[in-house]
Each structure stands twice: as C-alpha cells, then as structure tokens.
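Per the numbering used here, the sequence shown starts with residue 8, numbered consecutively.
Honestly, the hints are just simulated from the structure, not real lab data. Hints are supplied without guarantee of correctness; some may be wrong.
What follows is a list of derived Cβ distance ranges for each label pair [said to hold, decoys possible]:
1) G45 to F73: 35 to 43 Å
2) E29 to R9: 33 to 41 Å
3) T58 to M8: 31 to 39 Å
The list that follows gives simulated cross-link-like pairs (lysine to aspartate or glutamate, EDC-like), each with its CA atoms no further than 20 Å apart [what the hints assert, rightly or not]:
4) K64 to D88
5) K64 to E90
6) K64 to D94
7) K64 to E21
8) K85 to D28
These numbers come from a predicted model, not from an experiment. Backbone N, C-alpha and C define an ideal beta-carbon position, used for all residues, glycine too.
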Amino acid sequence: MRPADAFAKMAHREIERVRLDELEGRITSVLLTPYPPGIPLLIPGERFNATIVRYLKFARDFNARFPGFETDIHGLVKREDGEYYVDCVR
C-alpha cells in the first residue's frame, strides 16, 4: 500500500490499534521509528514481517526487565494495561 493510501485510511478513521502479538502480516498506518538512531523500521503502508515483530517484542521485554532504561520507539504505544500496540489499517 502506498504511504498516501495509508494516510487516507487514517484520515477516514479506517484504522485500529493492534496488539504486538497480532501484528505480523498487518499494514501499519504510522511511522514506526526507534530513537536513537531515528531511522524508520516501517513507514505507513508497509506490512509487518516476523523480523520486525521480533524486534518489537525484544523492546517490550527489555522495557519490562530494565525499568528506567526503556527504549523509545515512536509509533509503538504502551497502554495502561501494560500491552504494546501499533495503529494499523483495517
């Protein structure tokens, strides 16, 4: 999917927040960028593969194991229930 099409889906509220464990094969509607270095893992319209999901699970586990040293990945949302989510195209 083109980035412009993914943005249009977001503008029309045709997105949903998807749990980290359910991301493989889904299409992101947001820029997913770890800081540092600030280089995107995925841009809107790209599909999650197993490697990206494994990296995000590593970040989740690292954050739980080392509080105070959390990774910062823009586009990855931690909710009050402790689960991590990413906004994806429906």
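Cross-check of the supplied hints:
no., hint, verdict
1, G45 to F73: 35 to 43 Å, "21 Å, violated"
2, E29 to R9: 33 to 41 Å, "24 Å, violated"
3, T58 to M8: 31 to 39 Å, "19 Å, violated"
4, K64 to D88, "16 Å, holds"
5, K64 to E90, "11 Å, holds"
6, K64 to D94, "16 Å, holds"
7, K64 to E21, "25 Å, violated"
8, K85 to D28, "13 Å, holds"
Checked against the numbered hints given earlier, the structure breaks hints 1, 2, 3 and 7 and satisfies all the rest.
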